[in-house]
Every structure is written in structure tokens, then in C-alpha cells.
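Q: Protein chains in written order, with our numbering: chain A, 1 to 511; chain B, 1001 to 1284.
Hints are computed from structural coordinates only; laboratory data are not their basis.
There could be a bad hint or two in this list.
[As the list claims (entries may be wrong)] Straight-line C-alpha distance at most 16 Å; calculated EDC-like pairs for lysine to aspartate or glutamate:
no., chain 1, residue 1, chain 2, residue 2
1, A, K365, B, E1065
2, A, K496, A, E211
3, A, K365, B, E1064
4, A, K477, A, D460
5, A, K365, B, E1005
6, B, K1192, B, D1283
7, A, K365, A, D443
8, A, K383, A, D443
9, A, K383, A, E436
[Unchecked claim] Covered, in the sense of this in silico footprint (three residues per stretch, anywhere, with C-beta under 8 Å from a C-beta of chain A), are these stretches of chain B:
no., stretch
10, 1009-1017
11, 1020-1033
12, 1039-1045
13, 1230-1238
Remember, it's a predicted structure, so these values are computed and weren't measured experimentally.
Ideal Cβ positions, reconstructed from N, Cα and C, are used throughout, including at glycine.
Listed here are the chains, written in short residue letters.
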Amino acid sequence: MVGVGPDHVAPDALQGIRRQQTNPARWAGEGWREFCAALAAQGVEVLEEPSTRGIFATDAGGTAYGMPHGVVIARSAGQISLLLKTAQNHRVPVTVRGGGLTTEGESVAYGGVLLDMTGMSRVLAVDKTNLSVRTEAGIFWAHLAEHLRRHGMDYLSAPLNLTSSVGGTLGVGGIDVNSPRLGCSADQALALQVVTPTGEIVECSDAQNAELFQRVILGYGQFGVITEATLRIRPYTPLRMRYYHYSSLRAAIEDLQMLDANDASDYSGILTMMDIAITLLVAFDSDERETNFEELFLKRIKGKGEAAFAIGMALHYALRPWRLREALYLWRRKKQLFPEFSRAEHMRDGKMHDRTVVFSRAVWKFWGGRQMVIPDLATSAEKFVEAVERGNAVCRRYFHHYTLYCVGIRLREEHRAHYEMSCIPPDARQRAYGCEFEPIIGDAVVSRDLLQSFKNEIYDIGVDIGASYYRFGGMMKGYIRRAFGDALVDRHLAMKRAADPAMILNRDVIF
Amino acid sequence: MDHHECSGCSLCLLVCPVWRETRDVRLTPRGRAKAIQHGMSRSDIVRSVEGCTLCGACEPACPEELPLVDMVMELRRDVPLPGVSGKSISRRTHMLLAGRVLGADPDRRQRTLALLGEGFELAKDDGPDIALALETGATLAADRLQRFLAPLRAARRLVVAESILLRSLRRWLPGVESVGIGEALTPLVRQKLRAGDLYVIESRAFNGDRARLVGHYDRLRAVSGCEMNLDLQRIAIPVMGPGAEAQARWILEGRDVERIVVEDLGERAAFAFSGRPVLHLADL
Chain A
1 MVGVGPDHVA PDALQGIRRQ QTNPARWAGE GWREFCAALA AQGVEVLEEP STRGIFATDA
61 GGTAYGMPHG VVIARSAGQI SLLLKTAQNH RVPVTVRGGG LTTEGESVAY GGVLLDMTGM
121 SRVLAVDKTN LSVRTEAGIF WAHLAEHLRR HGMDYLSAPL NLTSSVGGTL GVGGIDVNSP
181 RLGCSADQAL ALQVVTPTGE IVECSDAQNA ELFQRVILGY GQFGVITEAT LRIRPYTPLR
241 MRYYHYSSLR AAIEDLQMLD ANDASDYSGI LTMMDIAITL LVAFDSDERE TNFEELFLKR
301 IKGKGEAAFA IGMALHYALR PWRLREALYL WRRKKQLFPE FSRAEHMRDG KMHDRTVVFS
361 RAVWKFWGGR QMVIPDLATS AEKFVEAVER GNAVCRRYFH HYTLYCVGIR LREEHRAHYE
421 MSCIPPDARQ RAYGCEFEPI IGDAVVSRDL LQSFKNEIYD IGVDIGASYY RFGGMMKGYI
481 RRAFGDALVD RHLAMKRAAD PAMILNRDVI F
Chain B
1001 MDHHECSGCS LCLLVCPVWR ETRDVRLTPR GRAKAIQHGM SRSDIVRSVE GCTLCGACEP
1061 ACPEELPLVD MVMELRRDVP LPGVSGKSIS RRTHMLLAGR VLGADPDRRQ RTLALLGEGF
1121 ELAKDDGPDI ALALETGATL AADRLQRFLA PLRAARRLVV AESILLRSLR RWLPGVESVG
1181 IGEALTPLVR QKLRAGDLYV IESRAFNGDR ARLVGHYDRL RAVSGCEMNL DLQRIAIPVM
1241 GPGAEAQARW ILEGRDVERI VVEDLGERAA FAFSGRPVLH LADL
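With the rest of the complex left out, here is chain A (with noise of 0.2 Å):
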């Protein structure tokens, strides 16, 4: 025995908090035997070794844990296939989990079947001409990169965390910093293969079974199992990278809003050091865009240059001594994370070469930890400012260190019938954003349940202001029938209840 860690739940988990959201109760295992030797008859492979299902006990938010029966690593679409038919058989659970980077619990199976979707990970292939890669769907974006550029090639958009999977991201969103010109990732899907919860494989886009497209992009998915997906790309760029500094939210925001309106950057977003220093990215695939932003926004930016910047902080924090500590972290953390934007072996010419490694490098780096909370409001522009001030209160209240993440999404209209019922707000037009609130855990062991009061305050800010979120399934399923209200939710049920008779996919995610 090597010995077992520590348990990341703190000990005062249950002490004196009200619980107020609590993970699924544990599909009891009814028929359990019966099942895995009809999947044996059919070739089907069901892991049930401790050793491998204790991969699979938790996601990335390290907070709800949850074991397996049995696991079932990804092969092909008829393997699938046989898996989900004998699941609605036998009434077993079957949870879907590509990169494991849910923080609510979406990804870990309370029982039943845990589906590894990486073991189909390679890329089918690359149409240059046509802009377009067909891939299997558990590959990493990472993966995925790695070939597109062998052709000279990108995708649009991706999380910024290089181990989300493309049949995951496609299921949720997926925003970059690109994403307010180029859309959510789950808008570069033009077609899908995906497995329905009753095992029929179905080929599906706009054009084709467009009504089983609309409901598993952004579908958490409850309507199938994206097995293969056609994706757009486009031609590599290295970029150039301008950074500007604020130390007011909404003097940042309304610059952001400001660029993306007028089409100003390739990329944009703001990332805080709490709300005390706040940096507007922007970036250019070309020296034309650069020149044209020079030339007709630049001057309109209210944010300042670093060396601006540090002098103002300094004044700042001279005449209020008593937050020296603050100041100090403020120093350490930026000496620490801005050179990791310009390291010497990603950089040439003054550009950025490979910005989805930079960037997600320092996210896991920085920002990574066994235990991740990340409440996000999803909102139209018009009252974005007013989502991120409110949770940014919140956030002052229960931690010390945190940072946002605010990038604006831009929508494709025709793809509306998308986005019911998912992260994009219903008000939202041309362009919706985004606000994710992470605290910074670092090595500290929190209680569950204060992060869960933590997550609870912000959604309650979406409710109030009626917003949308980017992590609605799982631990904060609690909040979608007071987002979306019951009659929405009841007719995507309904839908549900007739795509999966015996509400075995991806059970206790969304409904």
C-alpha cells in the first residue's frame, strides 16, 4: 500500500453550514452483474478493477467525488452504440467524461458506467481547401493543435487549458480570447457523429438531423455521445500581444466592450489580480490589424502602460501602509506570471508563437490546484458591468486572492435554436460575455461548503439580473429551472425523457 492522501474535503464540511446543494445519491447497482455480462456477450470491455476506477473518483473542481461501477474506455461509435442499448436494457447509468475538466461534478459517475471518451482521439482528417478538420471527439484541443499545425493549420477557439476534450467543450461552450470575434467553440462544430442515448449513430449538422444538432451542441449531453465532429479552422498565425492596465473593473470593461463592438483586435479579454490591478489583453493575427488599431482605438484606451501602471499602484499603496501584504502578493504574483507570456522559446520577432500552450500553461500553473471553483455569469453586454461589480463584492467578501476572466462570445443568429437552454443568455445579441470568478485555493484546503455558499452568491446575482452560466449542470444544477424558468426546462425534459427513455446519459447533470 503507498498510502492514501489526504481527504480534500475539509473536516468542517458538514459542521455548522446549511447545505444548500449536495452531489446525486449513488445509483445503487440494481442488475449491475446481469449488465456487464451482456456487454461481455457483445465484446464490450467493462473495466472494474479499483485501480482504474479510482482515476476516474473526481473532475478538476477536486470537490465532488463519486465512484464508478465499472469503466468503459472509447473505441469506436459501435462500440458505443452496443454500450448505450444495453445501458437503456438495463436501466445502468452511463456518465461521459472526455477531459475530466468539469468543476461541478458533471464528469464523475455516482455509479453505473463512467465512459472514457479518450481513447478516440485522433484526427480523421484535414481539408485544407475547405477549411475544415474531421476528428474523433475525445482528442484534446491540445492534440488537436498539435496536428492542425503540422498542415500550417488552427482551430477557431478553444479553452484556455489545453486538456479539454472537443466532444466536451462542444457540449458546453468553450470560450478563448478570440471567442468575441470567432464565436464559442461549440459554433465551429459543422457536424457532428454523435451516439444517441438509445445507441443509434447519426450523422447530424445544419443541413442534416439539424434538430438533433441543435440540442447536442450546448447540450451537456443529455441528447447523445459526440463520437466524431467536423470543426472549421483556418491558417496559423503567430501573434502580437498589447497588454493595458486598469485599476477600475468598469473603465476596463467598457474598453473591452468598446474594441469588440468596432471590431478593433483579433483577441481581447481582461484578467484581474483581484480588482486592483486589471489587465485588458488584446492581440493581432496581423501587422495591418495592429496598425489599424494604432492608428483608430489606441487612443481611445482608457487603460495605462506598466511602467504608468507600477507608479500609480506605488502611490497607491504609499499612502495606505496597512495593506502592504496585499501590495506584496500584487508584486510577487505579477513577477511571476507576466514572464511566462513572453517566454524566449515562444517568441519570435516580438510575436507569440503557440498562444493556446502559453496561455493554458499559465492557467495550470497559476491557477490550477486539486481543488477549483470557477462561478461564471454569462450576460448580454448591456448588463455585464453590473454582473462582474456584484461578483466581484462577493468575491472580496470570501477570499483574499482571486482573479476574473472576461471575455465577450460572439453569436452566430442562426444558431439561436443553439442556444436555448445553455451558457448563452437569451438577451444576449451579436455578442454575449462572460465573467468567470476563481478564487485562488493554492495548497489551502477549503470547505466544501464554503465554496459552495461562494458559488451560491454568485448564481444568485445571475437569477437576480437574469443571466446565464457557463457551469449550471451538476453541483449547481439546483439553479436551472430559476434561470430558465419552468416551462423551458419542462419542455427540454419532455425532449430528454423521449431521446432517453430510461434517463440513463449523463443522469443528474442537468435534470
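Dock chain B against the given chain A, drawing on the hints supplied.
A: Just chain B now, kept in the frame of chain A:
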């Protein structure tokens, strides 16, 4: 060394040659760590421990900076390595440890020595049994290790072709500069590299010291114009183990190269399918 520090980010999977070959998370650093975190013993994950190629690609990828190679080697070992001590019996300050493959090729071994210069001597004992023991986790006898290290203690610079040894030599002989054969030879042959070459960095040596070497190879790439077996994270894609040819095929995918130049002579065979000339550094 603590498997419990693994946060489960999966960055190690991106670079793991075993994962690329099998798409089976159980056989990866993350799979091992998560299994151990959930109470499994070494015997429960023996297939995973044995399947690791020790290429070291996972180490620079890990944001927690875990010593993942040492963790596997520890899981493989029956008993801890004994401490070593001993007196110097050699006055040679520059030595080449040719290793199993280069050692068995007298022509290239001599050319390598010639490239390194007059001050270098071939180590009579380059520790093939010790390299094997490190790789397999077999017990190392203390007296054997002492005999191996004794003539190396007075050295100022060791060039080590067997990169599994390189890692341990740095720990055993902290006062001696131990470098891989690629790092030693590239300054001497870089003018012979050219655009159109695929330069294959030996992954264990590079990944084990990536923070220092990434700049070295970036400059080499800039000067020569050659392509390299580096992924987007600038981690060396390994060419070793049962899946060596599959890795070589992945390295060549989408690339139009004229020559392939390898640091590790043992990796030549994996590229034979390509039909292109495959040269060792000593052949340049």
C-alpha cells in the same frame, strides 16, 4: 515524492508516448497518481509502472513540477539505492560514456571521440548493467556502484550517451558536469545542419533538463533552420520503446524533410521506414 500532489490536469497525457500508443489513461502518470491517491498499491498498477518508457516528457509538462521519472523509478525499485563513497582512481577530467549502442559501433564511437577533442577519453566502464538496473528497478549492489563511480569522481566533464545514466550521475556526482551527447556535440556540428533536416533530440536528456536546454536547441534551430522533434510545448517527442516507429511516424507527419539526424544512435532504426537518410551526429 508524492503521487498525492497530482491535481489531475492531464498535461502529462499530452506528451506521453505510451498514451499516444494506447489511449489508455491507466498507463500514464496521471493514471498512476490517481490510482494511488485512491488507495491502490504498487502491485495494482504494475502494468502501468512497467510500461513507462522513462522518456521524461511528462516532467516538464507537469505544472506541479513533480519528479515523475523518479516516481516511476521508485515504484520499480525493490530496494533503495545504496549510498556511495570511494576514492578517485583516475586523473582523466573529460570522459565519454558511450553506452550500449554507441559502444557497440567502433567507427561512430571513434568519430564521436574525435569530435569531442583530444582531452576526452573513453570510459572503460560505462555501466551498462547500472543503466539496465535503473531502467528496470533491479537492485544495485553498493560495491558495484562504487567501482563504477570511482574513476568518474575526478572528472570535470562527462559526456553520457546512455541518458538513463545521465540523470542519476548528476545526482551521484553533483560536482561533475554531466551532459548528454547531443548537448556536447551540437556546438561542434551545427554548421553541418541545414534547413530540410529533421533533428531528433534524445528525449530523456532533453526533457530531464528542459529548462536549461530549451534555449540551447532554440538557438540551434534558429541558426541551422532545421526542424526538430519538439511539440508545441517545446517538449521532445520520444522515439523509444515498443512504439518507437509509431512515434517516429508521428514526428514525420506533415513534414517534408530531406535528412534525419539523430542524437541517439539507437533511434536510427525507428526512422528506417521513411526512406530518407538517417544520420547520427557523428556521421555529419
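Q: Now, for every hint given, state plainly whether the structure supports it.
A: A quick look at each hint next to the structure:
no. : hint                : verdict
1   : K365(A) x E1065(B)  : holds, 9 Å
2   : K496(A) x E211(A)   : holds, 13 Å
3   : K365(A) x E1064(B)  : holds, 7 Å
4   : K477(A) x D460(A)   : holds, 13 Å
5   : K365(A) x E1005(B)  : holds, 13 Å
6   : K1192(B) x D1283(B) : holds, 10 Å
7   : K365(A) x D443(A)   : holds, 12 Å
8   : K383(A) x D443(A)   : violated, 35 Å
9   : K383(A) x E436(A)   : holds, 15 Å
10  : 1009-1017           : holds (count 5)
11  : 1020-1033           : holds (count 6)
12  : 1039-1045           : holds (count 6)
13  : 1230-1238           : holds (count 4)
Hint check: a violation occurs at hint 8 only; the rest are consistent with the structure.
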